[in-house]
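Enquirer: Our numbering applies: residue 40 is where the sequence shown begins, and numbers increase by one.
If you are wondering where the hints come from, they were derived from the structure by calculation, not from laboratory data.
We put the beta carbon where it would ideally sit given N, CA and C, even for glycine.
One thing to keep in mind: the hints can contain errors.
Claimed, not checked - What follows is a list of derived Cβ distance ranges for each label pair:
| hint | residue 1 | residue 2 | range |
| --- | --- | --- | --- |
| 1 | 176 | 578 | 30 to 40 Å |
| 2 | 46 | 604 | 52 to 62 Å |
| 3 | 108 | 288 | 54 to 64 Å |
| 4 | 339 | 590 | 41 to 51 Å |
| 5 | 179 | 307 | 23 to 33 Å |
Unchecked claim - Straight-line Cα separation of at most 27 Å, DSS-like style, residue types lysine-lysine; simulated pairs:
| hint | residue 1 | residue 2 |
| --- | --- | --- |
| 6 | 48 | 112 |
| 7 | 248 | 150 |
| 8 | 112 | 63 |
| 9 | 434 | 48 |
| 10 | 150 | 48 |
| 11 | 476 | 434 |
| 12 | 70 | 434 |
| 13 | 593 | 647 |
| 14 | 150 | 167 |
| 15 | 540 | 593 |
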Amino acid sequence: MASTRPIVKVAAVQAAPVSFDLEKSLQKLNKLTEEAAAAGADLVVFPEAFLSAYPWRYAFDVTIGAREPRGRKWFAKYLDSAVEVPSPAFERLSETARANNVLLQIGIIEKAGGTLYCTALLLDREGKMVYKHRKLIPTAGERLVWGRGSGDGLQVSQTDVGRVGSLICWENYMPAARMALYQQGIEIYVAPNADDLPAWTASMQHIAKEGRCFVVSVNSVCKVSDFPSDYPPFTAEHPDRRPDGGQWEPDDIVNHGGSCIVGPLGTFLAEPVWDKETVIYADLRMADLAESRLDFDPVGSYSRPDVLRAVLLLASETFFRGVHVYMIWDVVRLVAAIASIFSPSSSSAALRPLARMAYFIDGKDCMISEWILLAVSYVFVGLRVYTRLFRLREKLALSDYLLILSAFNALGLIICDTLTYQLGVMDNWESSVTLSKISFASNYFYDVGMGFPKMSMLAFYWAYFPADTSPTMRKALWGITAFVGLSYMAILWDDTFFCGKDVSVQWSQEEGACSVFYAPEPFILNFTLNLACYIFVYVLPLTLLVQGVLKPSKGLTIAFVLGLLTIFTTIVRFITLKVGTGQENLVYPLSILEMTLAITVVALPGLKPLLGRSSKSPSFETVEVENQNKNFS
């Protein structure tokens with residue numbers, strides 16, 4: 040969804056905080072925000088570390104292998120002037136945004152326990168936090184006092200002024216981080232920083248032209264007098280000196296600013312301003328975004344993920360001659376994406392390369408993976424039908440019809456995914472009535488459709504255990520069948536009427552409209568019932584194996600392993616959507632993977648006659664229960 044305003048007025052506040060004094064810095068921030076709001080600004084942006092200090096020229100007396108008491112005391116002051124989220128200081132920021140009816144981005148030093156992070160906060164007009172981005176990699180001496188952020192903070196958020204995102208200072212030199220924002224359709228790119236070198240403004244022009252977005256670069260102007268009088272680097276006894284070798288004076292400028300605002304073709308909308316505190320403004324004409332893409336689209340015609348694949352595979356291409364290397368690479372990245380779900384930035388370093396690879400999974404990869412998986416499931420269904428009709432020369436049983444229905448249901452789901460891909464929203468999500476209707480249909484195909492393989496397996500059990508010889512097992516089957524049937528009836532009802540009798544509300548585009556596709560309650564309920572049904576249906580042969588009714592075999596082992604993989608897949612799918620991993624595209628192939636595994640597990644028991652030597656092998660539905668050495672493979 041684009042900006043609701045044709046013109047967005049942006050204010051970049053080039054000012055210094057009252058360093059190491061949170062209260063006075065908050066007061067200054069409030070005053071400057073009021074000034075910008077009075078000038079008609081929609082979005083007000085403050086520099087990196089505005090609350091409450093960028094510790095210029097000071098590493099808190101840390102050297103390799105040594106720390107000093109003075110440095111520890113100043114670090115404690117720094118910690119005391121930082122902002123917790125949430126906290127009373129954060130509430131004051133929220134009140135400032137709300138009172139002035141502006142979107143407010145502030146660079147803060149965030150306190151989390153005893154660790155500090157360089158963080159960018161965006162608050163909406165109601166004072167609610169839109170995103171919190173922690174600087175991924177502190178630069179040089181910053182690493183001594185700031186922690187590292189994680190990749191899940193690379194967010195671009197929809198606001199009433201457009202899609203807004205942020206990278207802090209030298210993060211802007213990280214191509215992968217920039218691409219993460221481009222892929223999310225960023226329109227207003229905010230770059231709070233502490234870099235006053237002339238080359239920085241050229242970088243801002245490059246990023247604007249590369250990303251075809253507006254760039255708001257905001258730096259501070261700091262003087263020695265903006266710091267406490269006893270701040271170590273600026274005292275006579277400290278060895279630090281001005282670039283010319285002289286002693287620091289109160290009016291000496293430490294950071295010269297250079298804040299600017301750039302249009303999507305790389306031209307300045309507000310020229311860089313140096314050596315003075317000011318608020319610079321620019322009117323962003325949002326139509327410029329579309330017009331700039333006439334000849335360049337960074338995430339469309341010019342993205343070329345195949346080039347990245349070619350580069351990464353170049354060194355090992357001799358090992359893959361005669362093999363479709365791109366298909367292999369898609370599988371590797373699918374595994375990488377799943378691994379990344381369990382690999383946050385704080386986890387094992389060995390898994391982080393997999394997490395980085397996963398970011399390149401796009402809609403095309405999803406479609407390739409899904410159609411391959413669908414073809415695999417159809418092979419097993421075809422073999423099952425062939426076995427029944429031509430090896431056993433029997434009519435199709437109820438379990439066969441339910442298995443075929445499962446295959447058609449999988450086709451319906453993949454058609455919905457293909458339509459979603461054709462709308463172009465897998466890689467750049469943008470809601471619409473058409474997309475909502477497709478999502479509503481795909482919800483049915485997945486939530487309700489996952490019941491068909493289970494019902495097929497239950498139909499197989501019913502034929503396998505005659506009433507006259509297995510009364511106890513038939514009673515258990517009655518219970519399991521009733522549970523599975525009622526579960527999927529509940530899922531059907533929930534998917535249809537969760538938002539009320541008027542089903543059309545599901546594809547309403549009104550803000551706050553109910554949609555079962557996004558609501559957490561039916562999602563959690565349906566996942567729980569689906570998982571419970573898996574356990575009930577798959578635990579039965581395990582019970583028979585323990586009791587000695589079934590004879591262990593390779594086929595039975597394969598069926599159990601695939602069953603466990605099916606359960607694992609549905610759990611991973613749930614985590615992907617519920618936790619917010621940044622891998623939401625994974626849901627599409629994971630849904631088809633789960634169906635493929637479920638269909639395969641159901642098809643396997645009917646394939647043994649095909650693998651046997653006789654053209655007329657006995658069917659599992661006709662084996663009598665008295666044989667206590669049944670082979671369920």
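Enquirer: Against the range 30 to 40 Å, how does the distance between the Cβ atoms of residue 176 and residue 578 compare: consistent or not?
Expert: violated, 48 Å
Enquirer: Run the distance test for residue 70 versus residue 434: straight-line Cα separation, threshold 27 Å.
Expert: Not satisfied, since the Cα-Cα distance of roughly 82 Å exceeds 27 Å.
Enquirer: Holds or violated: residue 434 and residue 48, Cα atoms, limit 27 Å.
Expert: The hint is violated at about 72 Å.
Enquirer: Regarding residue 46 and residue 604, is the given constraint of 52 to 62 Å on their beta-carbon distance met?
Expert: At 54 Å between Cβs, range holds.
Enquirer: Has the given pair, residue 150 with residue 167, been kept, meaning a C-alpha gap of at most 27 Å?
Expert: Holds, at roughly 19 Å.
Enquirer: Quick one: are residue 339 and residue 590 within 41 to 51 Å, going by C-beta?
Expert: For residue 339 and residue 590 the Cβ distance comes to about 58 Å; the hint is violated.
Enquirer: Starting from residue 150, check that the Cα of residue 48 is at most 27 Å away, please.
Expert: Between residue 150 and residue 48 the Cα gap is close to 31 Å, so the pair fails against 27 Å, i.e. violated.
Enquirer: Cβ-Cβ distance between residue 108 and residue 288: within 54 to 64 Å?
Expert: violated, 28 Å
Enquirer: Take a quick look at whether residue 593 and residue 647 sit within 27 Å of each other, Cα to Cα.
Expert: Holds. Residue 593 to residue 647 sits at ~12 Å (cutoff 27 Å).
Enquirer: Is the hinted range of 23 to 33 Å satisfied by the C-beta distance from residue 179 to residue 307?
Expert: Given a distance of about 29 Å, which is inside 23 to 33 Å, the answer is holds.
Enquirer: Are the Cα atoms of residue 48 and residue 112 separated by 27 Å or less?
Expert: Between residue 48 and residue 112 the Cα gap is close to 42 Å, so the pair fails against 27 Å, i.e. violated.
Enquirer: Keeping to a limit of 27 Å between CA atoms, is the pair of residue 476 and residue 434 held or broken?
Expert: Distance ~38 Å between residue 476 and residue 434 Cα, so the pair is violated.
In summary, the numbered hints that this structure violates are 1, 3, 4, 6, 7, 9, 10, 11, 12 and 15.
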